[in-house]
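Chains as they are written, first to last, in my numbering: chain A, 2 to 356; chain B, 2 to 356; chain C, 2 to 356; chain D, 2 to 356.
Please note that the accuracy of each hint is not assured.
Because identical chains cannot be distinguished in the list, a pair is counted as satisfied if it fits within a single copy or across any two copies.
No more than 30 Å apart at the CA atoms, straight line, and that leaves these computed lysine-lysine pairs for DSSO-like [what the hints assert, rightly or not]:
no. : residue 1 : residue 2
1   : Lys310    : Lys40
2   : Lys116    : Lys40
3   : Lys149    : Lys8
4   : Lys99     : Lys326
5   : Lys149    : Lys319
6   : Lys204    : Lys310
7   : Lys196    : Lys181
8   : Lys310    : Lys8
9   : Lys116    : Lys204
10  : Lys204    : Lys40
11  : Lys116    : Lys149
12  : Lys116    : Lys319
13  : Lys319    : Lys8
14  : Lys310    : Lys326
15  : Lys204    : Lys8
16  : Lys181    : Lys99
17  : Lys40     : Lys149
Source of the hints: derived by calculation from the structure; they are not laboratory data.
Listed below, chain by chain, are the residues.
There are 4 protein chains.
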Amino acid sequence: MSSTYGKSLSLTIFGQSHGAAVGMTLDGIPAGLPVDTEKLQYFLNRRAPGQSQFTTPRKEEDIPQFLSGILDGYTCGAPIAAIIPNRNTRSGDYANLKDCPRPGHADYTAQIKYKGYQDSAGGGHFSGRLTAPLCIAGGLCLQWLEQKGIRIRCHISEIAGIPDGPAILDPVNPDLDAIKEAFPVVNEDAGEQMKNAITTAFKNSDSVGGIVECFATGLPAGLGDPMFDGMENRIAQIVYGIPAVKGLEFGSGFAVSRLLGSENNDPFTVSEGRILTGTNHAGGILGGITNGMPLIFRVALKPTPSIAKIQQSVSLSKMENTDLKITGRHDPCIVLRAVPVVEAAAAIAIFDAML
Amino acid sequence: MSSTYGKSLSLTIFGQSHGAAVGMTLDGIPAGLPVDTEKLQYFLNRRAPGQSQFTTPRKEEDIPQFLSGILDGYTCGAPIAAIIPNRNTRSGDYANLKDCPRPGHADYTAQIKYKGYQDSAGGGHFSGRLTAPLCIAGGLCLQWLEQKGIRIRCHISEIAGIPDGPAILDPVNPDLDAIKEAFPVVNEDAGEQMKNAITTAFKNSDSVGGIVECFATGLPAGLGDPMFDGMENRIAQIVYGIPAVKGLEFGSGFAVSRLLGSENNDPFTVSEGRILTGTNHAGGILGGITNGMPLIFRVALKPTPSIAKIQQSVSLSKMENTDLKITGRHDPCIVLRAVPVVEAAAAIAIFDAML
Amino acid sequence: MSSTYGKSLSLTIFGQSHGAAVGMTLDGIPAGLPVDTEKLQYFLNRRAPGQSQFTTPRKEEDIPQFLSGILDGYTCGAPIAAIIPNRNTRSGDYANLKDCPRPGHADYTAQIKYKGYQDSAGGGHFSGRLTAPLCIAGGLCLQWLEQKGIRIRCHISEIAGIPDGPAILDPVNPDLDAIKEAFPVVNEDAGEQMKNAITTAFKNSDSVGGIVECFATGLPAGLGDPMFDGMENRIAQIVYGIPAVKGLEFGSGFAVSRLLGSENNDPFTVSEGRILTGTNHAGGILGGITNGMPLIFRVALKPTPSIAKIQQSVSLSKMENTDLKITGRHDPCIVLRAVPVVEAAAAIAIFDAML
Amino acid sequence: MSSTYGKSLSLTIFGQSHGAAVGMTLDGIPAGLPVDTEKLQYFLNRRAPGQSQFTTPRKEEDIPQFLSGILDGYTCGAPIAAIIPNRNTRSGDYANLKDCPRPGHADYTAQIKYKGYQDSAGGGHFSGRLTAPLCIAGGLCLQWLEQKGIRIRCHISEIAGIPDGPAILDPVNPDLDAIKEAFPVVNEDAGEQMKNAITTAFKNSDSVGGIVECFATGLPAGLGDPMFDGMENRIAQIVYGIPAVKGLEFGSGFAVSRLLGSENNDPFTVSEGRILTGTNHAGGILGGITNGMPLIFRVALKPTPSIAKIQQSVSLSKMENTDLKITGRHDPCIVLRAVPVVEAAAAIAIFDAML
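Chain A on its own, in the form it takes in the complex (with noise of 0.2 Å):
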């Protein structure tokens, strides 16, 4: 059941790299809900690969194909099942990769747990392809949660250590049109100086991570649930499905360690007969509850594990340390695409919560 994430609704991935499909099923989704397609095409988009330079070539265009649960631009009630066929795959890349992991993927755990019987062509269901019907689903919720004054957009805070700013967001009062559209930095400047980084990152057959930031805006208060099922619970249990990610912290997370209570605490106000925070180190969330400011978290991205230099892996057959050279093209940063996974994610978890 590890591929199934859900209270009130049940998504399911499915697929491999490099199988004849990657798909979702999504149920407990009320019926009649409307479906924009062009407008979930247009955020698919943002995710698939080769739109730029910055991204692997490998060319998939990503067009959804539903089978079940929408009806005339409507959800009917039923689950909904989308597909999409894999066009570019199963090649001769990975024939190794079996017998000599790559240091930093899931090839050797995999080996372990299915005792050889996995797809290991391109990762096979540990692919970042598997974020494609995440972001179906994530694109579905994002358009019902607009519908309610909810929007969630994230930019990318930092690459390679280079952070977006100095101007940043407001946590009290985000500016999310602030984000640009093709690179979403708040900051130009501090976008070039990320292209730069992972420009010369590439060229020197190495990757770089980074971070991502999420704001959800329009929020409830009221949202999730004490202990096991509070919003920070069901945001990390979907954000750690997502490949890569090492890290995540809530409001001002691993800098709230370091502040005094006096500090940390959020002062309530009362604002045009509204209860609001003075400040939002929280993050919109107290007690695992939305107390209906911007809900923030932010998300750590290791560098691609694939890259082009030589490494030092072992042979499983010989049980003896070799070299490995990784062929193929390969994203040098997956962060730019990572953005909009990381809000599919946030508005899945955030949707189920509302249902």
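Go by the hints and put chains B, C and D onto chain A.
Just chains B, C and D, lined up with the frame of chain A:
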């Protein structure tokens, strides 16, 4: 179902801070596992309040009463149920919290969600007191894991920005016995500075936060599942159920975002017939699945929100700003008591994954 | 997780027949629902043993102690926990059950599954005593359903082959008040014959079974879901958790297999601005979803397996046949006490579907 | 989540009768299990329509396309996904079902629940066509169970009140090979009478129902769990997901209610070093757990609700009574095609319990 955790086991936590009792049920545990109640009590005492000058003087002995599931010192296959009756209960200390929510607490969000019916005394179901039954379940899992050669141990990695160290625990081969007993740091000088920071905060009617770092050693490779049931996801879902947690990172965590791929990828190597990695930036997890290296994560805890300083809040009935003075005495720093709680949470998640 | 039930709510039952206590936790209940403990006690007393000559003389008062989740007479949103301490516990009556399993009981299967670690006294976790906490949860749900105009009521449809009747309850418009209080049949003469059959069985050191029929009226149309979460599936999952149940049928049940389609199809009709059906062979459920007609099901209960007659069993240690004489006193017929238990189970399933 | 089943595995069924495709995902299956697609196709053909004069002439080949989870003839550990594209789709046959619901169908309850957004063509997600993907999952589980020496086989126990027999299958030691292939009864004369009853019903523009009896042999003792996850509960949850099922009984089922305890209790006996029972009224299940004897249950199926006779229904828009004439052709008896479906459901439930 917010207070229920687990895939193969099912843990339910119940109780309110000032109710009749707190407790837990733990279902899905195989029959025939031995239960050492003395050892469990020793573990629970590490979390119990009133044990040192650094924790709240509220006195609770935290001796669990087992109601079911254990017979003659062994699990019998039926759900385990245990309660800890509350002795220090409902005082007038919390009378006005429904109208005037404490900044940084769940008072306001509980009021919105439960419409005034919530038990607000002492934070009710949101209280840190609910970590006592979590520690019953976790203390049992720790025993059962130890029998399989698995150790789980935390140290205080930071308090008030003061890091444990400079000697740190090697992520590849950590010496868990280097962690001190009473105040669990590796470096006692660092520990003394932390204690001073807590004392200073307390004198200033304030509080401080910190970071707890957890190590699990002796794990087999192959635990966990891809996507939403990876070890990161499972640990995140339970750890974010601990009050005050605002950040969670695995392995090198947020720092991986600033590494090159060639730095971050842990090279595989054969050593004495076993596959190891030369570094451990991954924190023992690749693709959600353990790789046999130490599993490492860090948890950011905010400063205790209950401080003696006057704070700004609101009167919900009058919808106007008001000053709030919190009476009663509280932990100036929750980090010390959080250490066994994080160990318990890790043990539950890992034991669940092993079933 | 075998002892946990529910989709929107989560009910966990714990305890063994001769352990310290039996109890339940009930999570996912909205805050602000009133709890009438007197009414609950009245309901629990209907199930309690020792109330008449037709039930076991084991005396348990079955007064629940609420540990959490209820404050000042209302649910507070936190998980509800309640226990009933066992008074009449562990005697020598059950000493040899591990070696010589009772026919018709779970002694043998528990021995296989729990490898001798199970609590065999009184059937342990398999005991009918575990229906007491089920009735706590169900009694609460019954109260909350009544406030919405929903009534759930069972009568004894058969004991030892003797049917209630000839007057029966109209499936389209049942008069639930026609069911008698103390011995819940519609026809008192039939009830007297049933009592005689029980008395006769008891005198012969034997036992009898029967059928309980359950009606739920006042249900809105639209409850339940297609496929695996239909009302039939939901009710089946909880009803088969009641010991001794071996059959369950909805509406006309097994009899529909002998009807023509033109007989079995309930014709729709408009009556006073509402859609009704002229007959109710469907038992109020079409496609798993309620249609607004009375929901009706019947439960077959086997004769109490504990009988005073000498029976053939085996010695597991010697692997040879042996005679078994069960001592202690037992219900010669479980059907009377099962009536409130079936009502409780139906109430939990229906309340869960309404959340 | 209504269309998702399983504890250790997770089966999701999707599709509508006249949508693009029907399909399933099956998660939680271990890697390395062989898949015999020819054998699977043979099994699926038993359910497919248009195979004989006794079933609907709608022609669907029901050849599944596997999209993921299977590699080189073995499961690879990733979720298995398979679809069957619909060829015979959306016609005008179903145009008025939203306004004029068919008696005995889910048209009315779907209209209430999904507010007019449901896909009503051919019953949409409620259609018997959704049993095709159930049979994909079940057909795979049957293969994997067979490798462990477990056989699951159903016969038609009754159609239109005509019983299979007089020779019946011994509940203690059933000869499953006595069940005929094409028309699965034990007694061919009885089978001929059943066929005649179906033909007669069809000529009369009517339909008939029946009872399917299922046997599972070779099961180990110890499968299943107490209370809500017993084998009865698990099987009930999936079997009630098959359209037209209105009753389910285990072992002697409803008949046990008329037996004495001394008759119903199955005596234990030692035979060739194994523990058996002399009779099998329990149907192989005690306390929810298998005892190693054949697991036996019976399923009551209602007559096909789609009949050519004019029936009484209502116009929902006009809120007045109206006559309904169902066009198109339908199975006059669903029982024959239900046989492999019940086998599939049993296989899924049992395989899930074995994981």
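Hint by hint, here is what the structure shows:
Proximity of Lys310 and Lys40 under a CA criterion of 30 Å is satisfied in neither setting, with 39 Å inside one chain copy and 47 Å between copies. Proximity of Lys116 and Lys40 under a CA criterion of 30 Å is satisfied inter-copy only: 25 Å between copies versus 42 Å inside one chain copy. For the homomeric pair Lys149 and Lys8, the shortest alpha-carbon distances inside one copy (20 Å) and between copies (26 Å) are both at most 30 Å. In this assembly of identical chains, Lys99 and Lys326 lie within 30 Å of each other by CA distance solely inside one copy; the values are 14 Å within and 62 Å between copies.
Taking the shortest alpha-carbon separations for Lys149 and Lys319, only the inter-copy value of 29 Å comes in at or below 30 Å, while the best intra-copy value is 59 Å. For the homomeric pair Lys204 and Lys310, the shortest alpha-carbon distance inside one copy (11 Å) is at most 30 Å, but the shortest distance between copies (55 Å) is not. Proximity of Lys196 to Lys181 under the C-alpha cut-off of 30 Å is restricted to the intra-copy arrangement: shortest distance 14 Å within a copy versus 46 Å between copies. In this homomeric assembly, Lys310 and Lys8 never come within 30 Å of each other (Cα to Cα): the closest approach is 43 Å inside a single copy and 40 Å across copies.
Taking the closest pair of Cα atoms, Lys116 and Lys204 never come within 30 Å of each other, the shortest separation being 36 Å inside a single copy and 58 Å across copies. Taking the closest pair of Cα atoms, Lys204 and Lys40 never come within 30 Å of each other, the shortest separation being 35 Å inside a single copy and 53 Å across copies. In the homo-oligomer, the alpha carbons of Lys116 and Lys149 lie at most 30 Å apart only across protomers (20 Å), although the nearest pairing inside one protomer, at 47 Å, exceeds that limit. In this assembly of identical chains, the alpha carbons of Lys116 and Lys319 lie at most 30 Å apart only when taken from the same copy (16 Å versus 42 Å across copies).
With identical chains, the CA atoms of Lys319 and Lys8 are never at most 30 Å apart, being 45 Å at best within one copy and 37 Å at best between copies. Proximity of Lys310 and Lys326 under a CA criterion of 30 Å is satisfied intra-copy only: 7 Å inside one chain copy versus 60 Å between copies. In this homomeric assembly, Lys204 and Lys8 never come within 30 Å of each other (Cα to Cα): the closest approach is 45 Å inside a single copy and 45 Å across copies. When the C-alpha separation of Lys181 and Lys99 is checked against a cutoff of 30 Å, the pair qualifies neither within a copy, at 41 Å, nor between copies, at 43 Å.
For the identical chains of this complex, Lys40 and Lys149 are intra-copy neighbours only, at 17 Å inside a copy versus 42 Å across copies, given an alpha-carbon limit of 30 Å.
Of the numbered hints stated above, those contradicted by the structure are hints 1, 8, 9, 10, 13, 15 and 16, listed in ascending order.
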